[in-house]
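Residue numbering for the sequence shown follows our numbering, beginning at 2 and increasing consecutively.
Calculated directly from the structure, the hints in this document are not laboratory data.
Built from N, CA and C at the ideal position, the CB exists for glycine as well.
Please note: incorrect hints may appear among the correct ones.
What follows is a list of derived Cβ distance ranges for each label pair [what the hints assert, rightly or not]:
hint, residue 1, residue 2, range
1, Val216, Val276, 17 to 23 Å
2, Lys196, Pro169, 36 to 42 Å
3, Gly223, Gln164, 35 to 41 Å
4, Lys196, Tyr129, 27 to 33 Å
5, Leu106, Lys282, 25 to 31 Å
6, Asp220, Lys282, 19 to 25 Å
7, Gln182, Glu32, 44 to 50 Å
8, Ala110, Ala290, 15 to 21 Å
9, Gly206, Gly162, 51 to 57 Å
10, Gln164, Ile134, 36 to 42 Å
11, Glu141, Glu284, 28 to 34 Å
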Amino acid sequence: MAVLVIAEHDNASLKSATLNTVTAAARCGGEVHVLVAGSGAGEVAQAAAKVTGVAKVLHADAPALAHGLAETLAEQVLALARDYKYVLFPATAGGKNVAPRVAALLDVAPISDVISVLDPDTFERPIYAGNAIATVQCEEPVKVLTVRTTAFDAAAAVGGGAQVESIPAVAEGDKSSFVGQEIVKSDRPELTAAKIVVSGGRALGSSEKFEEVLVPLADKLGAAIGASRAAVDAGYAANDLQVGQTGKIVAPELYVACGISGAIQHLAGMKDSKVIVAINKDEEAPIFAVADYGLVADLFEAVPQLVKEL
């Protein structure tokens, strides 16, 4: 049986998380099909068809699917799911919202945050904030998985030639309705897709210092900005910048941690980064245990000096 990947998109472009999920799907075995459910998302369906490894794109288009409401999207997935052995979602906020609903409606147990496919029925996922890896064997007739995208390489966005098949869209449900949204616009790279991330912790002391110290460094490096949970809880940074177990999982090529002690919650979200640089005046800070390069120094002196040298 084939594998169904639920595409993440904004009705205009295919999100990079979908490409990583396609790679995970290919390791499950069988043809990889991608569901693009949206409104006016024809270009997204065409983009999905070009992804290497995709055999078919199923395109459901209707106003009810415009905003990816979990209840409606789950019904759309459910209309197809029983024809597949696997249904894969990216482990993003959207995927985590829909996957459990689909699993419940199918009466199967989902497996979240898959980081490795060992064989068609066996998967690995992190537990205890990433301090242990669980090996899970699943014998459900339909396996509903969310995929930690940082654990899989992205499939090539071009090179494929899948056919696009239009399918009927489900009717709009009455359990929820779209009221509005506030989107933060930024010229910086998206945090979960950035190659370089500069993060700040509670040691920065205020939102003003957060901006004053981190922004120049991020500008020099062309980096996304992140924050620890402590910094977010203290009001120094916006919630969507949080990196960690309850925030966003990142694995950039370079992660610069400024004034971050390295609590387990934070390490769970960034320890898979290729190169980790830590700046902290506490030489006993746990962050140094995972850092490739550590600088014991006052960040208010060290970071401006680093920016000057760059």
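Hints breached by this structure | Hint check: 5, 7, 8, 11 fail, others pass.
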